[in-house]
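Engineer: Spelled out, the chains give:
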Amino acid sequence: MHKRVIFNDKLLPYLLLAPQIAVTVVFFFLPAGQAVLYSLYIQDAFGHDWQFVWFENFEVVLTDRDYLDTVWRTILFSGAVTFVSMGSALILAVMADKHIRGATVYKTLIVWPYAVAPAVAAVLWYFIFHPSIGFASKGLVALGVNWDWKLDGGQAMAIVVLAASWKQVSYNFLFFLAGLQSIPKSVLEAASIDGAGSTRRFWTIVFPLLSPTTFFLLVVNVVYAFFDTFGTIHALTQGGPGKATETLIYKVYSDGVQNLDLGSSSAQSVILMLIVVALTAIQFRYVERKVHY
Amino acid sequence: MAQVELRAIKKSFGDVAVIHGVDCPIADGEFVVILGPSGCGKSTLLRIVAGLETQSSGDVVIGGKVVNTVEPKDRNIAMVFQNYALYPHMSVRENMAYGLKVRGLPKPEIEAAVARAAKILELEKLLDRRPRQLSGGQRQRVAMGRAIVRNPEVFLFDEPLSNLDAKLRVQMRIELKQLHSQLKTTSIYVTHDQVEAMTLADRLIVMNGGRAEHIGAPLDVYARPATTFVAGFIGAPAMNLVPGTLVAGGVAIDGTKLGVAHPAKTVTGADVTVGFRPETLHLDPAGPVALLVTLVGALGADTLVHGRMGGPQGPTITARLPGVVKVREGERMVLRVAPEDIHLFDRATGRRID
Chain A
1 MHKRVIFNDK
11 LLPYLLLAPQ
21 IAVTVVFFFL
31 PAGQAVLYSL
41 YIQDAFGHDW
51 QFVWFENFEV
61 VLTDRDYLDT
71 VWRTILFSGA
81 VTFVSMGSAL
91 ILAVMADKHI
101 RGATVYKTLI
111 VWPYAVAPAV
121 AAVLWYFIFH
131 PSIGFASKGL
141 VALGVNWDWK
151 LDGGQAMAIV
161 VLAASWKQVS
171 YNFLFFLAGL
181 QSIPKSVLEA
191 ASIDGAGSTR
201 RFWTIVFPLL
211 SPTTFFLLVV
221 NVVYAFFDTF
231 GTIHALTQGG
241 PGKATETLIY
251 KVYSDGVQNL
261 DLGSSSAQSV
271 ILMLIVVALT
281 AIQFRYVERK
291 VHY
Chain B
1001 MAQVELRAIK
1011 KSFGDVAVIH
1021 GVDCPIADGE
1031 FVVILGPSGC
1041 GKSTLLRIVA
1051 GLETQSSGDV
1061 VIGGKVVNTV
1071 EPKDRNIAMV
1081 FQNYALYPHM
1091 SVRENMAYGL
1101 KVRGLPKPEI
1111 EAAVARAAKI
1121 LELEKLLDRR
1131 PRQLSGGQRQ
1141 RVAMGRAIVR
1151 NPEVFLFDEP
1161 LSNLDAKLRV
1171 QMRIELKQLH
1181 SQLKTTSIYV
1191 THDQVEAMTL
1201 ADRLIVMNGG
1211 RAEHIGAPLD
1221 VYARPATTFV
1231 AGFIGAPAMN
1241 LVPGTLVAGG
1251 VAIDGTKLGV
1261 AHPAKTVTGA
1271 DVTVGFRPET
1281 LHLDPAGPVA
1291 LLVTLVGALG
1301 ADTLVHGRMG
1311 GPQGPTITAR
1321 LPGVVKVREG
1331 ERMVLRVAPE
1341 DIHLFDRATG
1351 RRID
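Those sequence lines, one after another, are chains A and B. According to the working numbering, numbering within the first sequence proceeds without interruption in unit steps and concludes at 293. According to the working numbering, numbering within the second sequence proceeds without interruption in unit steps and concludes at 1354.
Calculated directly from the structure, the hints in this document are not laboratory data. For each residue, glycine too, the CB sits at the ideal point set by N, CA and C. There's no promise every hint is true.
[What the hints assert, rightly or not] FRET-style restraints, in silico, Cβ to Cβ:
#: 1; chain 1: B; residue 1: L1168; chain 2: A; residue 2: I183; range: 55 to 61 Å
#: 2; chain 1: A; residue 1: A278; chain 2: B; residue 2: K1167; range: 50 to 56 Å
#: 3; chain 1: B; residue 1: D1059; chain 2: A; residue 2: S198; range: 53 to 59 Å
#: 4; chain 1: B; residue 1: G1297; chain 2: A; residue 2: F284; range: 57 to 63 Å
Only chain B is shown next, with the shape it has when bound in the complex:
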């Protein structure tokens, strides 16, 4: 096990810069998830840690050593690929033993390590099968097994669950979490699925356009997103983000005035983006938010109400109200939102204002 540190990692392919300087120390045994939309550079960052790509500048440090020029095979890492990348001509046993065999371990030791990993992942009965005789979930498990037999210092996961069907994905996610609490190996996990990210991560790196927009614990990221991108990306349905102007004691959105928690620190008249999550809106006849309902989605447990704020020309927002709410398109409803649930962002830079 080891600490990992990314220092000012930059990467360009030719003239195209894809990672613009990412810094992140990762503690020993920590489970870090890199979350972002496709093309944000998250997989490239992981491949740089693995040594499959070389960064244009910056340092990768594993276990206190700078490994910039160290070959992947000498970094003592294991990686699980999105398409599993199992060796198709080898049995499950041979797949798992390969890395140990290459390293010249004695046979009894290899057999013991494979047996141990197979037991953890419940692969004992499949050891003599070929990858093509396995289901997606089983292949995934073999890929995990191949990673854990080597007892590496760091696990790298490149969207390992995205080729599985939804049900299996949930199950594998739980297994992965259990596996990590059992092995406590430093792990870096790349995904575009925020549920995976929120449930697995000790710490989250939210990436966008080659930048780490927010690094923090999942619930901190959810509660205090650093930028409008993070605010809109984390949480489903997404946070409402509407343009507004700071006024004395609050913020004005198209004639609607909302109270905010820290009005003193902010400059009156500034253009801001106002964010509030759909679930923080509550029905209240005396509330400040008038909503012209345009679409109602009843989910059973909740009702999603989409509408325009203030009037027919107002910004579109979504409210998530508990239980079944009897409201129809074209009707008006009145809602409130607590001042501490309002997030303010600088409209020009997108950064959070506190």
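This is chain A alone, in the form it adopts within the complex:
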């Protein structure tokens, strides 16, 4: 017996969907539409004078030396965050996958940072590495390092990468651990009987079998580093010193909100939107198809 409930009321489905649609419209479609609109205009800081300029904002942005520097800086930052967070997560997952005492406690502790809000995490690192009161800073100074990331751009970048990666390790860890546990034990036993030591087993068997997980995480982490690290950067360095830690997403904020160059800021937002669309497309297209065995 298949019983079908039929709602004759055409309005009800729309009503049920309305909250979700409203949220999406208000927080995504309207701002996104506005960004697209603004990116085609030049306006003064007070919004009195509007001028339609076609794609001039994009032209200016994409030929701006400053912007291109930020692109490279963002690529460096994302690369570093992805590498650090995935690398350390993989090491931790490999260790957690072994039979160790207190494995559950260990796993729980590693997952914790994921529950910490980005800004809070950033403040945490801010205090740990504070040039004058941070205990890690004292250690570094004691080792003879001239530690002041408020002045040194390279050190500032290192701190931001560290704080941003730390947050993401938990997420990566969970996926890597699940990936490791889905590798049949007998395959590893077969490899060890075939003569492979543990390092060799890792690089020739485990790592290739993890490749679907790795690829998935790679895209997720790049997206995270590009778009979700605003809070971390804002709380730690505000893009400084100079522009040493200003990434694309942060530049959208500083150009638009602080410098009130809305046309340029909107054009940058649209570019970022296109990047995220491209990354998502790659994800959907290849994750199921290209990387498997």
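Knowing the structure of chain A, use the given hints to seat chain B on it.
Structural biologist: Showing chain B alone in chain A's frame:
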């Protein structure tokens, strides 16, 4: 090729002892099958030989050397797993070459070895496929190929055929037998399938509850089982095992008296378990066994007659009679069994009495 010797192997996981001391020398080139029900410790024993588990006490000796602390990779063994354990991201060729590559053999030598193994197992056309593009039987063959390319001293098989369908299993069994007679590598084979065990083994180790209950040639194990467990485990349908008491000149079962081959050696009045195989019962109007038939199973070639011995309260036994026997439930029939076909076991210990 090498001899293998198990010396007083014991294994416990925490407080739970799973192997209680197994001794067995295995000759060079011998095919030994470890047979037993699930949970009897047979796979654990094999994994101890492989070095994947460490015994709690006792020695594993391969080729005259004690290998207790030797890593699996240095024992010069090859193992075929129940689920094949092929490397899913490698082609058939790479799967077979892996062990040789790890050992740093020169490329031409690896290619020659893979080609040779592929020829033996008829895998030449599949060399560039991935495991997921293969059928169960082909995967099984690749797993075999991966084992034989390395030309190891010992082959270990952990229920290699139990994931195959019945028809393929018979075929692979024959191929395995042929492969062994061709390569003559010492082999240890674990299974719970007695047909596999009987047909493949030079020698059989029947395990139960972590003990090797009987070690011997398959037909010896069948003809003179060492314990009631072995008697009931080997042979289908299973041997009839009924409680009885020794009397002068034979054994009494609930009023039925049967003659036995060696009455002189046994003590009158002792409680025993009497065993006789279903196929040793024959129709004979003058025979001593009266059977009240409760169920008849006609198989065509044979007829299995289940019934109660002596009367409605008697022990349940099975007779396997050749051809088609016209008998119905509720009817009585009379059978005989030859004295030399009667096995006697001590009822307390389960051990064979001769």
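Engineer: Taking the CB of A278 (chain A) and the CB of K1167 (chain B), does the distance hold inside 50 to 56 Å?
Structural biologist: holds (52 Å)
Engineer: Taking the CB of L1168 (chain B) and the CB of I183 (chain A), does the distance hold inside 55 to 61 Å?
Structural biologist: Roughly 27 Å apart at Cβ, these two residues miss the hinted range, so it is violated.
Engineer: Do G1297 (chain B) and F284 (chain A) keep their Cβ atoms within the hinted range of 57 to 63 Å?
Structural biologist: Given about 59 Å between the Cβ atoms, the range holds.
Engineer: Okay, D1059 (chain B) versus S198 (chain A) on CB: inside 53 to 59 Å?
Structural biologist: violated (26 Å)
Hint check: violations occur at hints 1 and 3; the rest are consistent with the structure.
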